[in-house]
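Novice: Work from the hints to combine the two standalone chains into their complex.
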Amino acid sequence: MTASVPGPRYDAALNLLDRQLVDTDGRLVGKVDDLEIAVDASGAFRVSAILVGPGALGPRFGGRIGDWIVAVWARLHRDERPIPRRLPMAEVVSVESAVHVTRRTTKSAGEVWLDEHVIDRIPGAGHDPG
Amino acid sequence: MTPASAHRLSELLGCRVVTRQGQVLGVVKDVRIAPTVAVTGHRAELIVVGLIVGNRHTGAFLGYDRQEEQGPWLVRTIVQRLHKDSGYLPWDQVSEVDWSDGVVHSSTDTLDPLTHANAT
Chain A
770 MTASVPGPRY DAALNLLDRQ LVDTDGRLVG KVDDLEIAVD ASGAFRVSAI
820 LVGPGALGPR FGGRIGDWIV AVWARLHRDE RPIPRRLPMA EVVSVESAVH
870 VTRRTTKSAG EVWLDEHVID RIPGAGHDPG
Chain B
189 MTPASAHRLS ELLGCRVVTR QGQVLGVVKD VRIAPTVAVT GHRAELIVVG
239 LIVGNRHTGA FLGYDRQEEQ GPWLVRTIVQ RLHKDSGYLP WDQVSEVDWS
289 DGVVHSSTDT LDPLTHANAT
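First to last, the protein sequences are chains A and B. 770 is the number of the first residue of the first sequence in the working numbering; add one for each residue after it. 189 is the number of the first residue of the second sequence in the working numbering; add one for each residue after it.
Hints may be right or wrong, so weigh each one.
Covered by chain B, per the in silico footprint, the following chain A stretches (three or more residues, Cβ under 8 Å) [unchecked claim]:
| hint | stretch |
| --- | --- |
| 1 | 779–793 |
| 2 | 801–807 |
| 3 | 835–848 |
| 4 | 884–893 |
Rather than coming from a laboratory, the hints here were simulated on the basis of the structure. Note that CB positions come from ideal geometry on N, CA and C, so glycine has one too.
Pulled out of the complex, with its shape left as it was, chain B reads as follows (with noise of 0.2 Å):
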């Protein structure tokens, strides 16, 4: 059963990111989760703990955006270079999330540095 205040990972992709000063620091191009405490059948509950916010998605969808390692090392330094402006947005500085207009407020001004997942 869907709970009531459900949304879909899809909603708050492509979300603009803006700060209370009305600047926009880009759109969420992904969303980091991270395991809890409470666990839930096999696994850690998952929680959103954070955002990939940019302007650019070329080359996103593969990782190349925010992964050292990953190779050809000339398609991720042209990829990076394109993605310079993208940002992490930890989730205790996001203030709002306004679903209907799809716009996530921030209440800081600078992203920090993106990072890799260290999904494995």
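Isolated chain A, as found in the complex (with noise of 0.2 Å):
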């Protein structure tokens, strides 16, 4: 069995669901929707990814409310049999009251597609306020 060593402790739900995800950049790039847990060889549950999106976030709320936001993503998605979108923990830097992670976007395919093509096209959609 992976022994557990001294260093921060997490409640996951308490101090992780829900945190903001930033990147490199300082950008938000989305949420903590759900963890996902592997079982690994010896047993040990390890915390391998972050998941992130509607696909993630809608089974946590069940009932016919988690179903439609499911329903809602998988129709508006491209795959025929989407998945959330998956951060590995490798990704990420540091746990605080946000998550900083490693990767310069999480965005989906399409968000980024409506960045280059509508957002960045917008007067002053590249100044920065701060």
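Specialist: Structure representation (structure tokens):
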């Protein structure tokens, strides 16, 4: 069995779920909607990834609202059997009030397309108010 | 790529915790995770080391049920009284997780006192 070592402990729902994800450029790239837990060869339950987006959030709601969120997300998704966006824990730099990740962006292809073709063309879109 | 034997945290939250005698200790309100010696990427890998178990959720999502210093005092006192039956189940006392039925089988009949996770 894999043993834990001294260090910060987290209560996953309290300290991680719904936290903001911030990329290397300081961009807000989503929230921690669920965590993936993998059972490894030693039997330990290891946190393997952060799951992001409506496909991860919907099942947390449960009931009709959860089903509806997942159904709309799946209907709009280009894949026939979509899976939630998955951010491996190897890309997590730190867990504070926000979760900082190394990936430049965790946006979906659709969001990137929208940024490039619509948002970035709006006058003033490149201006940083800070 | 999603591992073959992967589950979601949300599948574990809300599972009933049952002893060998069939006594229900409560439901999983939270999952405590801790670092290991293995490092992947920038951080130590995190594994599940225990479960926060209880029958109520009021105030639990803000941590009032397990954080002694969290104020205001009145709210903390009321929430902790509501959660007086809540406790901590170390992972080595979990004998099995039945994902399909949403049941965690406990090898102990009693829960440890609830403590703060010390996340920071």
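Novice: Indicate, hint by hint, whether the structure satisfies it.
Specialist: Now the hints, each set against the structure:
no. : hint    : in the structure
1   : 779–793 : holds (count 7)
2   : 801–807 : holds (count 5)
3   : 835–848 : violated (count 0)
4   : 884–893 : violated (count 0)
Checked against the numbered hints above, the structure breaks hints 3 and 4 and satisfies the rest.
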